[in-house]
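Place chain B on chain A using the hints.
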Amino acid sequence: MIRLQRVTKRFDGGSEALSNVSLRVDDGALAFLTGPSGAGKSTLLRLIARLERPTRGRIMVNGKDLETLPRSEVPRFRRSIGLVFQDHRLLFDRPVHANVALPLEILGYRRAEARKRVRAALDKVGLLQKENAPPQTLSAGEQQRVGIARAIVHRPALLLADEPTGNLDPTLSREIMQLFLDFNRVGVTALIASHNLELISGLGMPILHLENGNLEARHVTQARSAG
Amino acid sequence: MKDGGERAGSLESWLYNHADAARRSFRRRMDAPGQTLIMIAVLGFILALPAYLWLLLDNARALSAGIDHEPRIALYLDDTDTDALAGAAARIAALPGVAQVTPIGADEALDEYRASLPDPALLDWLEANPLPAIIEVVPAERTPEAVEALESRLAILLPEATSISDHEWVRQLQALHAAGLRILLIVAGLLALGVTLILSVAAASELRERREEIAISRISGATDRFLRRPSLYGGLLLGLGGGVFSLILLGAGVILTRTPVEAAASAFGLPLVFAAPEARVGLILLGTGLVLGWIGARLGSGAALRE
Numbered sequence: 001m002i003r004l005q006r007v008t009k010r011f012d013g014g015s016e017a018l019s020n021v022s023l024r025v026d027d028g029a030l031a032f033l034t035g036p037s038g039a040g041k042s043t044l045l046r047l048i049a050r051l052e053r054p055t056r057g058r059i060m061v062n063g064k065d066l067e068t069l070p071r072s073e074v075p076r077f078r079r080s081i082g083l084v085f086q087d088h089r090l091l092f093d094r095p096v097h098a099n100v101a102l103p104l105e106i107l108g109y110r111r112a113e114a115r116k117r118v119r120a121a122l123d124k125v126g127l128l129q130k131e132n133a134p135p136q137t138l139s140a141g142e143q144q145r146v147g148i149a150r151a152i153v154h155r156p157a158l159l160l161a162d163e164p165t166g167n168l169d170p171t172l173s174r175e176i177m178q179l180f181l182d183f184n185r186v187g188v189t190a191l192i193a194s195h196n197l198e199l200i201s202g203l204g205m206p207i208l209h210l211e212n213g214n215l216e217a218r219h220v221t222q223a224r225s226a227g
Numbered sequence: 001m002k003d004g005g006e007r008a009g010s011l012e013s014w015l016y017n018h019a020d021a022a023r024r025s026f027r028r029r030m031d032a033p034g035q036t037l038i039m040i041a042v043l044g045f046i047l048a049l050p051a052y053l054w055l056l057l058d059n060a061r062a063l064s065a066g067i068d069h070e071p072r073i074a075l076y077l078d079d080t081d082t083d084a085l086a087g088a089a090a091r092i093a094a095l096p097g098v099a100q101v102t103p104i105g106a107d108e109a110l111d112e113y114r115a116s117l118p119d120p121a122l123l124d125w126l127e128a129n130p131l132p133a134i135i136e137v138v139p140a141e142r143t144p145e146a147v148e149a150l151e152s153r154l155a156i157l158l159p160e161a162t163s164i165s166d167h168e169w170v171r172q173l174q175a176l177h178a179a180g181l182r183i184l185l186i187v188a189g190l191l192a193l194g195v196t197l198i199l200s201v202a203a204a205s206e207l208r209e210r211r212e213e214i215a216i217s218r219i220s221g222a223t224d225r226f227l228r229r230p231s232l233y234g235g236l237l238l239g240l241g242g243g244v245f246s247l248i249l250l251g252a253g254v255i256l257t258r259t260p261v262e263a264a265a266s267a268f269g270l271p272l273v274f275a276a277p278e279a280r281v282g283l284i285l286l287g288t289g290l291v292l293g294w295i296g297a298r299l300g301s302g303a304a305l306r307e
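Chains A and B are the protein sequences, given in the same order.
Under the working numbering, the first residue of the first sequence carries the number 1, and numbering increases by one thereafter.
Under the working numbering, the first residue of the second sequence carries the number 1, and numbering increases by one thereafter.
Keep in mind the hints are simulated off the structure, nothing from the lab.
Quick caveat: nothing in here was measured; it's all calculated off a predicted structure.
Heads up, some of the hints might be wrong.
[What the hints assert, rightly or not] Going by beta-carbon spacing under 7 Å, a handful of chain B positions derived as facing chain A:
id, residue
1, Tyr16
2, Ile216
3, Ile219
4, Thr223
[Unchecked claim] Covered stretches of chain A (chain B as the covering partner; in silico rule of three or more C-beta atoms under 8 Å from a C-beta of chain B):
id, segment
5, 82 to 92
6, 105 to 112
The beta carbon of each residue, even a glycine, is placed where N, CA and C say it ideally should be.
Next comes chain A alone, as it looks inside the complex:
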């Protein structure tokens, strides 16, 4: 699903966010990406979603070489990915269900069908009863779960999450991580960046350590004992 070959990302200021990183994540696998802040976790995720382009190296995602992917194909490529942000980036001018429906609108789903899927996604994150609430009335944990519902509503093959529990207390954090494990169990490939080593080390999933832009080359396969 994800394949990085000696990927380097250097920003305009000259700082190197990633140095020669190689990584392979198979279809249906789940891996955590950890390391201190500034280690390059976000950069790595942004490269995989093609929100950034590498300075050097090759990235293959879902069978597509991002280097040769034409600009016009980028939107279609992004539709196969679900992205969760630490600050969840909800739109406060519309209710929860409209936030979650955004990827479906882009895909051209009919309103009735979209509504059904939005309710299914909200049900999965346990917020079905809040579908008509304005996002600003929700707690931080609920807002993050709305962000997750938005990331999975169009059933992407790949889920990328950048510090999804960054602002949450331990109990809520565990609940959120459990959601990712649940999605992975039904076949979604996931790469989750988190600096909370204590939390993720108890989940029995592969952990990739990123330090100063360096990553020990790894091949993450699908966990056999999932479930």
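Chain B in isolation, oriented as in the chain A frame:
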């Protein structure tokens, strides 16, 4: 992950996307009725003004074409000999495009002039007849081109004669009309440019208000075309509204102008029925509104999305 529901076919979803964008942009207009009405009013005024001026020009042209006037060419001859006059008249009558030839000798002209004076004795102190002999020619066709062609044939036939056509003023009117039309086109073009810029600024600022939504949508795989679509429909809606409003303004203009203009024309003895605009004019106004609305929205949204 197993797909539970059926996604609409791609053409169907594309159509649905369009319908959805149209519905959204309509709702957005309705959410800000004041701003929408101002934009429609500006567009309406700007479309109606040149249309109204064009209507006036068109009626003025119809007026000049509608007057039942028989053009005449008068040839003034220095040679007042009666035989020479008759010979010249016969040669003119043989020319193509001549309907009627009337030779008027110098003496005959003086007699006519004398008869028109209150005191004919006034002319008695003249030693000689100062009037030239005249040949009056009526062209077979009334168009300025035909009259002009005949004049040049007469100039070749009688190079020494001075020719004066009383059809001159029709040509002058036509030249004025052409100049007016040109000025009108330039003014209309400038107004269209201005309104397009206004619409484009409005579309751009609307997209800037949606900045966060656009960022999230792009991450979720929205194309620029998708993001721009509601603005384009918004532009079309404003354009349509402006076109309809301009028609209302034009109709009001015609109703308010008709009576005084017809009265003025009849005071000059001119038969004028002030014509209302044809359906074609309405279609042009609506079409122009739609096109300007679309172009403005396209320019503005393009600029905002590139930022």
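Hints versus structure:
1. Nearest Cβ of chain A to the Cβ of B:Tyr16: about 5 Å, under the 7 Å cut. The hint holds.
2. At a threshold of 7 Å, the smallest CB-CB gap from B:Ile216 to chain A is about 6 Å, leaving the interface hint in force.
3. Contact between B:Ile219 and chain A, as hinted, is supported at the beta carbon level, the nearest pair being about 6 Å apart and thus within 7 Å.
4. Taken as an interface hint, B:Thr223 checks out: its beta carbon lies about 5 Å from the nearest beta carbon of chain A, inside 7 Å.
5. Interface restraint, the segment 82 to 92 of chain A with chain B: holds (3 residues with C-beta to C-beta distance below 8 Å; minimum three).
6. Coverage of the segment 105 to 112 of chain A by chain B holds [criterion: at least 3 residues with CB-CB distance below 8 Å; count 7].
Violated hints: none; the structure is consistent with every hint.
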